[in-house]
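Student: In the numbering used here, the protein residues as written are 1 to 427.
It should be emphasised that the hints constitute simulated quantities derived from the structure, not laboratory data. Heads up, a few of these hints could be off.
Said to hold, decoys possible - Pair by pair, the computed Cβ-Cβ distance ranges are:
no., residue 1, residue 2, range
1, I375, A425, 36 to 46 Å
2, S204, E37, 14 to 24 Å
3, E352, R230, 48 to 58 Å
4, A25, L248, 47 to 57 Å
5, L328, E224, 25 to 35 Å
What you are looking at is a predicted structure, and each value in this text was computed from that prediction instead of being measured. Ideal Cβ placement from N, Cα and C applies to all residues, glycine included.
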Amino acid sequence: MAAVAQKGAVIVGLSVTTPSSDRRATVSLFSRLRKPEGQTDPFSIYAELRSQGGVSPAPWGGLLVTRFSTCDRVLRSGDWLEPDKEWRQRQGERTRWSAPSSREISSTLPALNPPEHTRVRRAAGTFDRGTIERMGRRVGGIVERLLDSLMDHLHTGEADFAALVSEELPIATIGDWLGLPAADWPRLRELTHDQVFTQELLPSASQLARSDAAMAELRTYFLELVRDRRTRLGDDPVSDWIRRWDALEPDQDKADEGVYFLALFVLLAALETTSTLLSTMTLLLVEDPTRWNMIAEHPDLVPAFVEESLRYDPPTHVISRVAARDCLLDGVEVGADQMVHLMVGAAHRDPERHPHPDLFDPRRKPGHLAFSGGIHYCLGAPLARLEAHTLLHQLTTRLPRLTLVRRPGWAPRVAFRRLLNLDVALA
1 MAAVAQKGAV IVGLSVTTPS SDRRATVSLF SRLRKPEGQT DPFSIYAELR SQGGVSPAPW
61 GGLLVTRFST CDRVLRSGDW LEPDKEWRQR QGERTRWSAP SSREISSTLP ALNPPEHTRV
121 RRAAGTFDRG TIERMGRRVG GIVERLLDSL MDHLHTGEAD FAALVSEELP IATIGDWLGL
181 PAADWPRLRE LTHDQVFTQE LLPSASQLAR SDAAMAELRT YFLELVRDRR TRLGDDPVSD
241 WIRRWDALEP DQDKADEGVY FLALFVLLAA LETTSTLLST MTLLLVEDPT RWNMIAEHPD
301 LVPAFVEESL RYDPPTHVIS RVAARDCLLD GVEVGADQMV HLMVGAAHRD PERHPHPDLF
361 DPRRKPGHLA FSGGIHYCLG APLARLEAHT LLHQLTTRLP RLTLVRRPGW APRVAFRRLL
421 NLDVALA
């Protein structure tokens, strides 16, 4: 493939070279993203990155995409694929892609490409309207119980909303739906937070080791769950998946593994990003009294408030794809198998898409990529929205106004946001 100059970068085949000054600048930006100030406010750093162009070279290879329209187009196009198991194998040994946790996660639904993705998604089913309505009644009860506990703590002082509510609601919801023993929920939540590093943008060796250990424990747990559930099939999702996989796969061990990967995917998808959405949404609510008053006076704005929270600071800030074939992306030449990092957190603040993008405005025209797009649009989006809507409704109708005690800390991540605490008090 011929080389082409683009804003100071030269892309040749699968490699990207860039002047050392540009490389140092981009490395510095990502270094700042990992520091406390960068975790608290990554968006000013994203603005600097966006100033380098909508598509710019990443220092470690591949491309960074910050323009909303380009990210949206990539997510919806069949010309861009997930970095699946075969792609990871082609990267060779002694790379992050050969880590046991990376190989394991590559067999879950979000990492599959057609036709295997189509087959597994059909086996998974969906959170249809009937399922969401049934879960809605359960979610309402869980939220009521968690807010009662929160108020008990607030009567004696401040309380950590993230620990008491945001971290508890998703595991209670999905744990109950899957029929997982409540005694197992705290450990499963811990393992979920550890495994996420294998999906981070630039994980360290120690972070990958934590992911490897967590994934091994999760594999043992869910395979044992599937085998136990097989002995007493009931009216629950795991039993339904066993029946569906038995119809698709005559080898019982392979069928059980298929069910395991579905259960693993549902747990990971339901916990990590949803808890971050709930915490971020609540942070936006309590840090500005006018927002609390707005929702309390206009509860019909609850869905719009949730969608704007997803745009303003989404749980996932980076989504990666690889090119299915040689192509051009906004005039930049991309080689087959080359990876692009869609900087969703930056794209959501693209002024070409959203006027005054740094302003939190629930009344703005909606539009975000927080749930990805195309065939990989998040299967659990209806459930995440259900939990967020229910929590926001009850917060602003059942409780007196809360106020932020101190700015929260953030986990040292780039792709997956996570508040470490959210300390609140009665206003």
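Student: Each of the hints needs a verdict: does it hold here or not?
Tutor: Hints and how they fare:
{"no.": "1", "hint": "I375 x A425: 36 to 46 Å", "verdict": "holds, 45 Å"}
{"no.": "2", "hint": "S204 x E37: 14 to 24 Å", "verdict": "holds, 20 Å"}
{"no.": "3", "hint": "E352 x R230: 48 to 58 Å", "verdict": "holds, 52 Å"}
{"no.": "4", "hint": "A25 x L248: 47 to 57 Å", "verdict": "holds, 50 Å"}
{"no.": "5", "hint": "L328 x E224: 25 to 35 Å", "verdict": "violated, 49 Å"}
Comparing the model with each earlier hint shows a violation of hint 5 alone; every other hint is respected.
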